[in-house]
Amino acid sequence: MDFKDYYSSLGVARDATAEDIKKAFRKLARKYHPDVSKEKNAEARMKEVNEAYAVLSDPEKRAAYDHLGQGYQPGQDFRPPPDWDAGFEFSDPGVSRSEAADFSDFFTELFGRIGRDGPRGGERDFHAQGGDHHAKVLLDPEDAFRGAMRQISLRVPRLDDRGRVVVDTRTLNVQIPKGVREGQMIRLAGQGAPGMGEGKAGDLLLEVHFRLHPRFRMEGRDLYMTLRVAPWEAALGAIVPVLLPDGGEIKVRIPEGAQSGRRLRVRGKGIPADPPGDLLLDVQVVVPPASNARARELYESMARDLAFDPRAENEG
Amino acid sequence: MRDDDILTAIMLEEACLSIEELASACAVSTEWIVRHVEAGAFSTLSGAAADWRFSSRDLWRARRVRALERDFDAVPELAALVADLLEEVDALRARLRRAGLA
Chain A
1 MDFKDYYSSL
11 GVARDATAED
21 IKKAFRKLAR
31 KYHPDVSKEK
41 NAEARMKEVN
51 EAYAVLSDPE
61 KRAAYDHLGQ
71 GYQPGQDFRP
81 PPDWDAGFEF
91 SDPGVSRSEA
101 ADFSDFFTEL
111 FGRIGRDGPR
121 GGERDFHAQG
131 GDHHAKVLLD
141 PEDAFRGAMR
151 QISLRVPRLD
161 DRGRVVVDTR
171 TLNVQIPKGV
181 REGQMIRLAG
191 QGAPGMGEGK
201 AGDLLLEVHF
211 RLHPRFRMEG
221 RDLYMTLRVA
231 PWEAALGAIV
241 PVLLPDGGEI
251 KVRIPEGAQS
261 GRRLRVRGKG
271 IPADPPGDLL
281 LDVQVVVPPA
291 SNARARELYE
301 SMARDLAFDP
311 RAENEG
Chain B
1001 MRDDDILTAI
1011 MLEEACLSIE
1021 ELASACAVST
1031 EWIVRHVEAG
1041 AFSTLSGAAA
1051 DWRFSSRDLW
1061 RARRVRALER
1071 DFDAVPELAA
1081 LVADLLEEVD
1091 ALRARLRRAG
1101 LA
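If you're matching them up, the sequences are chains A and B in order. Using the numbering used here, read the first sequence as starting at 1 and increasing by one per residue. Using the numbering used here, read the second sequence as starting at 1001 and increasing by one per residue.
Hints in this document: simulated from the structure, not taken from any laboratory. It is possible that some hints are incorrect.
[As the list claims (entries may be wrong)] In silico negatives: residues of chain A with every beta carbon more than 12 Å from chain B: (1) Met46; (2) Glu48; (3) Gly69; (4) Asp203.
[What the hints assert, rightly or not] To give an idea of the interface, some chain A residues facing chain B are shown, with a C-beta separation under 8 Å as derived from the structure: (5) Val174; (6) Val180; (7) Gln259.
Just so it is clear, CB atoms sit at the ideal spot from N, CA and C, and this is done for glycine as well.
Just need the whole structure built from these sequences, with the hints factored in.
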């Protein structure tokens, strides 16, 4: 286990005041805010900053960390002495078990100690009933049409025999039904954090998100695709095949005189929810290259015979 | 339960979480949620707290508001305003993605 230098994580000196530490944390929380940050690895940096702040903003944890860290360099291999926390009394664990799951092993090893006798004042995570877990699950658009089996790994904090928090990795195989849509929540009953004593386990809530796909876009129950058509299909109208995410194929009628940017709606062919969504096709006219003599001749005869000005008003 | 058992997920409707479930999923107290509903931080809810139902959007919102209050000592109204703006950014980014521009 590597020793972590929490002072350098926050960019403060070892003798920084509580006010300096708070200021430094806020500045970094602003810089690495996952919703707005343009920085690379913003999420990982934010976790590091949160962890450092959880220790340095708490006088008891900071004192223990300072005492223990004497003589250690960042990245140096680190093993806490077995009785390292003798003489330090942590009045409040301060960090909830669900938050501790995000922190490093270094943190868990040092500060995972919570009284063996159970919760002390103010720790709201220690309801008798286990807390719900909440995780995102990333699917491919095809999965909404066919259903999917996904293996989900969760970091689950629990108390060991010595009353310390340890983090286990638990793997679940989950059958996700077809018809799920972006942002929808699905529930796995009884798969959340275990309850304490007689309390029942919480539920595991999964929130569905779809990966970006080169062909398909999802919005609610609706499926969006670009439909590429030849100029003559657009001009004359045509019936063309469209391949759906479930591998099926439907025939779609292109109306005569369709232009690029026109949107066609096929009812009931979106995500197979109840009720099903629609399929929306954005027409894109693709111009064949004038790559040989015959093609050039055809274009030249169109130019001559059609007298078409795409820039004239009310055209296109 | 063994790790290789297969669990079948149940789809939840749009507004599906009770106040206890929401509180538990974002590690806040039910009182915190009541206080923020009363301050207008969540979509309009009426009736008794036990009848309120929250969506996944509310869940993200609760987490954001809580993080803003904790990290920046934001007052609930400011945290709700920032959450509004972040949600709008999310919606606009989603539109850009759908238009193939991002």
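The hints, checked one at a time:
no.: 1; hint: Met46; result: violated (10 Å)
no.: 2; hint: Glu48; result: holds (14 Å)
no.: 3; hint: Gly69; result: holds (25 Å)
no.: 4; hint: Asp203; result: violated (7 Å)
no.: 5; hint: Val174; result: holds (5 Å)
no.: 6; hint: Val180; result: holds (6 Å)
no.: 7; hint: Gln259; result: violated (17 Å)
Hint check: violations occur at hints 1, 4 and 7; the rest are consistent with the structure.
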